Amino acid sequence: MLTLQFIPYREIEGLSSAKRIAKLMKVVKENKIILLQGRLKSDEEAELIRKTMEEIDDKFKGIELGVYYSEPKNEIGFKKLRAFLRNVLLGESEGITIIGPASIVKEIKQDPDKIQLLIEEAGSKKKKKTR
Amino acid sequence: MVNAFTRFMQSFLKAFFKKKKQFKLGLYGPPNGGKTTLANRICQDWLGEDLGTVSNIPHETREIQIKEQVVIKSKGRELKFSLVDTPGIATKIDYEDFLKLGLKEKVAKQRAKEATKGVIDAIKWLDDMDIVIVVLDSTKDPYSQVNITIIGNLEARNIPVLIVANKIDLKKSNIKKIQAAFPQYTVLGISAKYARNTEDFYEMLFKLAK
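Sequence order for the protein chains is A and B. Numbering (numbering that gives the first Met the number 0) for the first sequence: 0 to 130. Numbering (numbering that gives the first Met the number 0) for the second sequence: 0 to 209.
One thing to keep in mind: the hints can contain errors.
Computed list of chain A residues with no C-beta within reach of chain B, every gap over 12 Å [stated by the list, open to error]:
hint, residue
1, LYS22
2, LYS50
3, LEU64
Here are the simulated lysine-lysine pairs, DSS-like style, with alpha carbons at most 27 Å apart [what the hints assert, rightly or not]:
hint, chain 1, residue 1, chain 2, residue 2
4, B, LYS112, A, LYS25
5, B, LYS176, B, LYS139
6, B, LYS112, A, LYS31
7, B, LYS176, A, LYS113
8, A, LYS18, B, LYS91
9, B, LYS139, B, LYS99
10, A, LYS105, B, LYS72
11, A, LYS113, B, LYS175
12, B, LYS139, A, LYS113
In case anyone wonders, no lab produced these hints; they're calculated from the structure. Bear in mind the structure is a predicted one, so any value in this text is a computation, not a measurement. Positions of the beta carbon are idealized from the N, C-alpha and C atoms, including for glycine.
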């Protein structure tokens with residue numbers, strides 16, 4: 000059975016980088032797909048990949064990782080100020096991060112407009128559009 | 000005694016500045032983008048020898064490979080660097096994928112094990128780089144989180160980056176898609192295999208090293 004687990008940003012906000020990654024790894028290794036509110040920092044993403052590599056064995060094949068984040072571009076005046084304030088106030092809680100075990104998530108396709116999960120389940124391929 | 004100390008200091012300072020002058024140029028990217036093909040192109044062009052072996056099977060490069068004292072020359076200028084070819088960075092490695100490509104189980108498992116260590120090493124080495132060339136396969140979708148993570152980490156470390164859209168000799172090559180994915184970076188289309196646009200590539204290296 001496919002399980003999606005939503006993790007609100009507040010659940011990782013107060014954690015150190017190491018604890019954030021440990022928490023995410025624990026859920027992924029339970030064969031669940033994580034929908035995380037917000038984003039990890041770039042060094043945390045690298046650390047997540049590093050940690051994943053350490054955990055790979057005959058059963059655990061790694062992860063699929065995708066981040067949807069709409070970066071404000073070329074905004075001027077009030078819109079620019081609003082984008083700046085939003086960034087300061089919300090920080091990395093904006094966007095969505097999807098992390099799934101590679102044995103379940105075949106691929107995460109992403110572009111500036113959408114993010115898609117290709118799921119491999121019981122020999123069939125299903126497509127799930129997130130945004 | 001004083002003379003010996005002076006000589007020591009002179010040689011130390013000379014060695015120090017000589018060392019600082021030679022920077023580390025890293026080749027990063029996902030597996031099978033053509034990092035080692037580009038490394039071999041650079042080494043063939045300027046040293047007349049290869050750096051590593053290339054293969055269609057992913058994760059052929061599983062250890063950091065370094066070529067010291069690479070010197071490239073153009074228009075009276077000279078650039079000296081250590082070339083660091085890194086294993087492809089991936090989020091998953093499944094030995095069964097290697098079985099599908101014809102490897103025996105024992106070899107496939109060993110390759111997967113070495114590949115995971117290679118990714119860990121490549122990430123560790125990020126801190127040591129002075130300039131990085133991100134080598135992407137221009138026939139593939141550039142919007143992968145691995146690409147974004149690599150570039151994000153280089154940006155966070157203030158390491159100058161050039162994105163190379165490799166394999167422009169192939170019909171499916173799409174440089175514009177890579178440019179659209181990373182609009183804030185210079186993207187240069189090349190074919191490392193057939194030495195296309197390599198003159199422009201070396202010119203870019205001089206600019207990055209300034």
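Hint-by-hint comparison with the structure:
no., hint, verdict
1, LYS22, "18 Å, holds"
2, LYS50, "9 Å, violated"
3, LEU64, "5 Å, violated"
4, B:LYS112 / A:LYS25, "21 Å, holds"
5, B:LYS176 / B:LYS139, "9 Å, holds"
6, B:LYS112 / A:LYS31, "24 Å, holds"
7, B:LYS176 / A:LYS113, "16 Å, holds"
8, A:LYS18 / B:LYS91, "21 Å, holds"
9, B:LYS139 / B:LYS99, "20 Å, holds"
10, A:LYS105 / B:LYS72, "46 Å, violated"
11, A:LYS113 / B:LYS175, "19 Å, holds"
12, B:LYS139 / A:LYS113, "18 Å, holds"
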